[in-house]
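Asks: Listed below are the residues making up each chain.
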Amino acid sequence: MHGRVKVKSTAQQEEEKRKEREKKLKIYVAARDACFSKRKEGVWDDGALQITQQLLSSNPDFGTLWNYRREILMHLETVKDEDEVQKIYEAELSFLESCLKVNPKSYGSWHHRGWVSTRLPRPDWARELGLCDRCLNLDDRNFHCWDYRRMVVKKSGVPVDRELAFTDRLIGSNFSNYSSWHYRSTLLPLLHPESPEPLPSPRRPPPRSSPPASPQNHSHRVCEAQLLKEYELVQNAFFTDPNDQSAWFYYRWLLGRAEREEMISCVLVSREEETVTVAFSRPVDPGGLMLLLDGQPQTVEWRSVHPRFKHSPVWICDLPPGTISDVTNEHNLTVHWMERHAHRDCALYTGRTESWCRDSATDQELFRSELSVEKTSVLQSELQSCKQLQELEPLNKWCLLTIILLMRALDPLGYEKETLAHFQTLREVDLMRSAYYSDLCSKFMIENTVLKMEYAEVRVFSISDKKLTTLCHLDQLLLVTHMNLSSNQLQRLPPQFSMLQCLEVLEAENNSIEDLEGVFHLPRLEEVLLKNNKISTLADLRPLASCPKLKRLDLRGNPVSGLEEVEAALTELLPSVVDLLL
Amino acid sequence: MGTQVKDVIIKPDAPSTLLLDKHADYIAAYGSKKDDYEYTLSEYLRMSGIYWGLTVMDLMGQLPRMNRQEIVDFIKSCQHECGGVSASIGHDPHLLYTLSAVQILCLYDNVDALDVDKVVEYIKGLQQEDGSFAGDKWGEHSSQRLYSIYDSRLHPSPQGKIDSINVDKAVEFVLSCMNFDGGFGCRPGSESHAGQIYCCSGFLSLTGQLHQVNADLLGWWLCERQLPSGGLNGRPEKLPDVCYSWWVLASLKIIGRIHWIDKAKLRSFILACQDEETGGFADRPGDMVDPFHTLFGVAGLSLLGDEQVKAVNPVLCMPEDVLQRIDLQPDILS
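Here the protein sequences line up with chains A and B, keeping their order.
When we follow the UniProt record's numbering, the leftmost residue of the first sequence carries the number 1, and every step to the right adds one.
When we follow the UniProt record's numbering, the leftmost residue of the second sequence carries the number 1, and every step to the right adds one.
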């Protein structure tokens, strides 16, 4: 089905081919029918092994015949002695080897070989490893063979460091070795795991007993000493061959950080709305969330900010009316996350209408990690080397992207200008993926703005004229009251936007916004400035009707403002708006 | 110095418009080739072959040209006592063909042609301790199977059938197949592959667990499948193949990053894979056509927004109108 070139031929050649196929078909059908009828009769003998062998040699994907063969073999196990069974299965392995020579990518053949290996009275794992070596020599991307090898390694207890050395050899001798780098990514954390996690604190739950085995988790990161060695190995690879994409992919993983642990990142209490809002570091299910008010458990229901999210990073609960509304009362709230044995406290003082408690982005190592002196120096020299490479190979997009990633790892704010310039080049050099680069750049600019907020105002988020094409990290902006997104390239305010529960003023002029789905149930939103966007229908504005305090709306320079009767329709849709600009 | 990018060159005279009528004729005629050698050799996957043919015909609005009764009868005769369905008569049951059978019957709104309870029982019996599902009683666990399960179990009856399998364990298994690059392989430790990524994203969508995917990282890996010719490969350093216009594209759609692909260039690649003489699509320009690549070529075009073709659902690879009829709208990330 794959890779079969269409060859043109004459009418006579066609006729000859047709006759030959007809002959082949007859033979095939006869053999197949013979197999099926023997099986029906319950025949489990050498003859049956013969015919199935004949068919499977030319059609190893015929799964049912492998099943029949297994039935025959299992029967033979019951009537032959151990030596004979060993011989039979060894013959089976030889047969399979010939099948694999013809078609090294048949699921049926590999699966059967795995089955045979487990039935052999005296398995020869060295032989199996030898087969894998030979097969990978011919095609080191054959994932069937890699998976089979991993099974053999597991069954025969080959030590991890030996397999790591195996990948060393392959990587050193071949291009197109993604499979080897991938294997390395699974072996390294086993051999050189990152040091154990710090003691759990109330905000940080203890590690789960059996975390999902993913290389993104803490438990699958590599200790620093080994990491630095690995950087060197990968660098050699991509400096030798800057087009070896596998090495660049792997390098990106090495540069990355572990995923954030699950924790409560912010609790916000509001007297006026009588709500408690909790932000988590990852999307969660609110099951097992308990709220204590002044030591008393409260019966509340947690709701997501938007109906689209069953797993959301932000959850809200409504307190019974009057519970905290009296500003002369002080209250203590605790949110317990039962499943993770974590909790957060928040004190609501007299005279204060709201209160929050939040880890700073820097403390959370949200967008940058603390680097050791050694690692900093290694990364800096790698950045230098990559910049040199970039001068030699200005069209190499991997190098450009890696420079950006290195700069992010070293000093996201310090390198902001250079980062933007490199993204511009990247978009030109790799046109097909310019949308990806725009989104990635937007993400980094948003991260920088959040980092800058640490030093300035934590309630104002301003990111103007940065060619933003997408919004992200909105779960970090729960406390923001003023947001300026003007003069960018945004097309939508997605459902995640509804996490901005404190938002009062939204400036978003000069974008390409046509979708306001996320401007939904924002209880404090008063001003929405959307001059020069792409809002085209009344329906586009419907989400705004859910914002009860909306007073001022600027829709000048949008297609919708030219629609007939639009002013009247908007007055009806948005009765709280007193200042409407069309 | 350095490796060349593996890719194809599209000839200037390659087809550049969608030849729907030719494809419909090709598929309609395909089933009647019962005395064809190649056709007979592929008997071991016949049920899936029928699903591919019928789905592409439905997407082209040509389903009525197929012989509904013959097909439904065929499916009935392929359901075994254990509840599983085989690829063809006389063959052994298997999860993959059980899935295909259920999907075909959904197209025909005739799922009760099967003993649905038995199907559910069969599937339930295939779940392993680690949460994965075997393809049949002979083993061979794969994350691909999970997608089949979930898909076929939702079809018979969206409510209530799901609970007899251990969904949490199955999700745990899929997540354990996640790799350093954000992708998924067949088994824990297996290399990322677009086909597996599609199955795992589909599964996580159906179980409401898409938030567990690292969408930015995986989306990058997926958009890097696009080669200079515009076509998509299934993993790094491989040739483009029209079926990846489905596996990769649908995965991107599910995780909300389909705009990271150059749509115009992909469209020209897919169109270039058509055979103007015989109809149908091949894996790459100039190769032999088959129903498998024909479905995924057309489905890919549908995802790219071609209005001559019905809208296709990225999670289940079936026309959206069929899913609306059974009220099934799996999550996708925005």
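If you are wondering where the hints come from, they were derived from the structure by calculation, not from laboratory data.
All values reported here derive from a predicted model rather than from experimental measurement.
Please note: incorrect hints may appear among the correct ones.
Here are the simulated SDA-like cross-link-like pairs (lysine to any residue), alpha carbons at most 20 Å apart as the crow flies [unchecked claim]:
1) B:K137 - A:S106
2) B:K238 - A:V43
3) A:K40 - B:C82
4) A:K310 - B:E172
5) A:K40 - B:I89
6) A:K6 - B:G286
7) A:K26 - B:E38
8) A:K6 - B:K265
9) B:K238 - A:K310
10) A:K17 - B:N214
11) A:K310 - B:N214
12) A:K155 - B:D130
13) B:K263 - A:K40
14) A:K26 - B:H259
15) B:K238 - A:E428
16) B:K137 - A:N137
17) B:K265 - A:E428
18) A:K17 - B:M288
19) B:K22 - B:D58
20) B:K137 - A:H111
21) A:K8 - B:M288
22) A:K6 - B:C82
23) A:K8 - B:K238
24) A:K534 - B:H259
25) A:K26 - B:K238
26) A:K443 - B:I9
27) A:K310 - B:D36
28) A:K23 - B:D58
29) A:K40 - B:D130
30) A:K8 - B:N214
31) A:K23 - B:S32
Some but not every residue of chain B turned toward chain A, in silico, with C-beta under 8 Å [to be verified]:
32) P15
33) T40
34) C82
35) G90
36) H91
37) G139
38) D181
39) G189
40) D241
Glycine included, each C-beta is placed from N, C-alpha and C at the ideal position.
Asks: Decide, hint by hint, whether the structure agrees.
Replies: Verification of the hints:
1. B:K137 - A:S106: holds (19 Å)
2. B:K238 - A:V43: violated (44 Å)
3. A:K40 - B:C82: holds (17 Å)
4. A:K310 - B:E172: Within the cut-off at roughly 18 Å; holds.
5. A:K40 - B:I89: Cα-Cα ~13 Å, so holds.
6. A:K6 - B:G286: holds (6 Å)
7. A:K26 - B:E38: holds (12 Å)
8. A:K6 - B:K265: violated (24 Å)
9. B:K238 - A:K310: The hint is violated at about 38 Å.
10. A:K17 - B:N214: Cα-Cα ~51 Å, so violated.
11. A:K310 - B:N214: holds (17 Å)
12. A:K155 - B:D130: holds (17 Å)
13. B:K263 - A:K40: violated (52 Å)
14. A:K26 - B:H259: Not OK: K26 of chain A and H259 of chain B at ~50 Å, beyond 20 Å, violated.
15. B:K238 - A:E428: violated (24 Å)
16. B:K137 - A:N137: violated (33 Å)
17. B:K265 - A:E428: Holds: K265 of chain B and E428 of chain A sit about 16 Å apart, inside 20 Å.
18. A:K17 - B:M288: Satisfied, since the Cα-Cα distance of roughly 16 Å is no more than 20 Å.
19. B:K22 - B:D58: OK: K22 of chain B and D58 of chain B at ~15 Å, within 20 Å.
20. B:K137 - A:H111: Given pair K137 of chain B, H111 of chain A holds - Cα atoms ~13 Å apart, limit 20 Å.
21. A:K8 - B:M288: Given pair K8 of chain A, M288 of chain B holds - Cα atoms ~11 Å apart, limit 20 Å.
22. A:K6 - B:C82: violated (42 Å)
23. A:K8 - B:K238: violated (26 Å)
24. A:K534 - B:H259: holds (19 Å)
25. A:K26 - B:K238: violated (37 Å)
26. A:K443 - B:I9: violated (35 Å)
27. A:K310 - B:D36: violated (51 Å)
28. A:K23 - B:D58: Distance ~35 Å between K23 of chain A and D58 of chain B Cα, so the pair is violated.
29. A:K40 - B:D130: At roughly 34 Å apart (the allowed maximum being 20 Å), D130 of chain B and K40 of chain A break the hint.
30. A:K8 - B:N214: Distance ~47 Å between K8 of chain A and N214 of chain B Cα, so the pair is violated.
31. A:K23 - B:S32: holds (19 Å)
32. P15: Where the cut-off is 8 Å and the nearest Cβ of chain A is about 13 Å from P15 of chain B, the hint is violated.
33. T40: holds (6 Å)
34. C82: violated (13 Å)
35. G90: holds (5 Å)
36. H91: Given a least distance of 4 Å, the restraint on H91 of chain B holds.
37. G139: Holds: closest Cβ of chain A sits about 7 Å from G139 of chain B, inside 8 Å.
38. D181: At 6 Å from the nearest chain A Cβ, D181 of chain B passes the 8 Å test, so the hint holds.
39. G189: Nearest chain A Cβ about 5 Å off; hint holds.
40. D241: Cβ of D241 of chain B sits 7 Å from chain A, so the hint holds.
Violated hints, listed in ascending order, are 2, 8, 9, 10, 13, 14, 15, 16, 22, 23, 25, 26, 27, 28, 29, 30, 32 and 34; each of the other numbered hints is respected by the structure.
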